[in-house]
Amino acid sequence: QKEVEQNSGPLSVPEGAIASLNCTYSDRGSQSFFWYRQYSGKSPELIMFIYSNGDKEDGRFTAQLNKASQYVSLLIRDSQPSDSATYLCAGDSGGYQKVTFGIGTKLQVIP
Amino acid sequence: SQTIHQWPATLVQPVGSPLSLECTVEGTSNPNLYWYRQAAGRGLQLLFYSIGIGQISSEVPQNLSASRPQDRQFILSSKKLLLSDSGFYLCAWRIGQRNTIYFGEGSWLTVV
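Keeping their order, the protein sequence lines are chains V and B.
In terms of our numbering, the first sequence has 74 at position 74, counting the first letter as 1, and numbering is strictly consecutive.
In terms of our numbering, the second sequence has 46 at position 46, counting the first letter as 1, and numbering is strictly consecutive.
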């Protein structure tokens, strides 16, 4: 079983809609979770970092963490064509030192 | 402020040749350091991580090795490259449990 799992997509949403990205993890000891955006051929850039149960909002982005159900989600409101990218979910384990990533979900925002 | 440098940015190497990728972090002390690989169209695969000088944890058995000769230096090596070693290699660092992980610009390796 992979430590962090995501649907690879692609997920297509119309411009202005809400994009919902989901991720599950297997290690109940995981404490911190990350969402990164990666454009083709580029290094990942951090979108959100969350370690407390509940929601965390930053601009158009909201991360949700549910440790009981072992899932993390990312909502992107008012999606823009520039949001089209691959979104990587990651979580730490092994006493937080190890950080593993899901396969990434490709998001396409249709103008 | 903290910065991470990774080089070379791109390289083309023949099968069976050696490899050395280097990563250094500035502006912080005792970071956790990571090497990831991303094959074409794939996710980030954790290769090695280190919590201190000389302390290396390997995640995937392969022909690659890593070393941490200094606190803020992390090196990825191979004695003989395989075609399957081609990909985008990323170095990253992190301080503490309640902090994010930061990536370098990456190194593109093509084995021919």
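It cannot be assumed that every hint is accurate.
What the hints assert, rightly or not - Subject to a maximum C-alpha distance of 30 Å in a straight line, what follows is the list of computed DSBU-like cross-link-like pairs (lysine-lysine):
1) V/K2 - B/K80
2) V/K56 - B/K79
3) V/K56 - V/K98
4) V/K56 - V/K106
5) V/K106 - B/K80
6) V/K56 - B/K80
7) V/K56 - V/K2
8) V/K67 - V/K2
9) V/K2 - V/K98
10) V/K98 - B/K79
11) V/K42 - V/K98
As the list claims (entries may be wrong) - Facing chain V, according to a computed beta carbon distance under 10 Å, are these residues of chain B, among others:
12) W7
13) P14
14) S29
15) N32
16) Q45
17) Y49
18) R68
19) P69
20) D71
21) G96
22) I101
23) G106
Just so you know, these hints were derived from the structure itself, not from any lab.
From the three backbone atoms N, C-alpha and C, an ideal C-beta is built for every residue, glycine too.
Outcome of the hint check:
With a C-alpha separation of about 29 Å, the suggested pairing of V/K2 with B/K80 holds against the 30 Å cut-off. Between V/K56 and B/K79 the CA atoms are separated by roughly 45 Å; this puts the pair beyond 30 Å, and the hint is violated. A hinted pair counts as satisfied when its Cα atoms are at most 30 Å apart, and V/K56 with V/K98 qualifies at roughly 23 Å. Taking the CA atoms of V/K56 and V/K106, the gap is near 22 Å; set against the 30 Å cutoff, the hint holds.
As the CA atoms of V/K106 and B/K80 are separated by approximately 34 Å, the hinted pair breaks the 30 Å bound. Of the supplied pair hints, the one linking V/K56 and B/K80 is violated, its CA atoms being roughly 46 Å apart against a limit of 30 Å. About 25 Å separates the Cα atoms of V/K56 and V/K2, which keeps this hinted pair within 30 Å; it holds. Taking the CA atoms of V/K67 and V/K2, the gap is near 17 Å; set against the 30 Å cutoff, the hint holds.
The straight-line distance between the Cα atoms of V/K2 and V/K98 is roughly 14 Å, inside the 30 Å bound, and the hint therefore holds. Restraint check: the Cα-Cα separation between V/K98 and B/K79 comes to about 26 Å, which is no more than 30 Å; the hinted pair holds. Between V/K42 and V/K98 the CA atoms are separated by roughly 22 Å; this keeps the pair inside 30 Å, and the hint holds. Interface hint status for B/W7: violated, as the beta-carbon distance to the closest one in chain V is roughly 14 Å, over 10 Å.
Given hint, B/P14 at the interface with chain V, is violated; its Cβ is 23 Å from that chain's nearest Cβ, farther than 10 Å. Evaluation of the B/S29 hint against chain V yields a violated restraint, the C-beta minimum of about 16 Å exceeding 10 Å. Using the Cβ-Cβ criterion of 10 Å, the hint placing B/N32 at the interface with chain V is satisfied: the shortest such distance is roughly 6 Å. The beta carbon of B/Q45 is positioned within 10 Å of a beta carbon in chain V (closest approach about 8 Å), and the interface hint is therefore held.
Annotation: interface hint on B/Y49 holds; nearest CB of chain V at approximately 6 Å, less than 10 Å. The closest approach between the C-beta of B/R68 and any C-beta of chain V is roughly 13 Å, which is over the 10 Å cut-off, so the hint fails. For B/P69, the shortest C-beta to C-beta distance to chain V is roughly 19 Å, which exceeds 10 Å, and the interface hint is violated. For B/D71, the shortest C-beta to C-beta distance to chain V is roughly 15 Å, which exceeds 10 Å, and the interface hint is violated.
Annotation: interface hint on B/G96 holds; nearest CB of chain V at approximately 8 Å, less than 10 Å. With 10 Å as the threshold, the beta carbon of B/I101 comes within range of chain V, its nearest partner Cβ sitting at about 5 Å, so the hint holds. A cut of 10 Å between beta carbons decides the hint on B/G106: the least distance to chain V is about 5 Å, and the hint holds.
Hint check: violations occur at hints 2, 5, 6, 12, 13, 14, 18, 19, 20; the rest are consistent with the structure.
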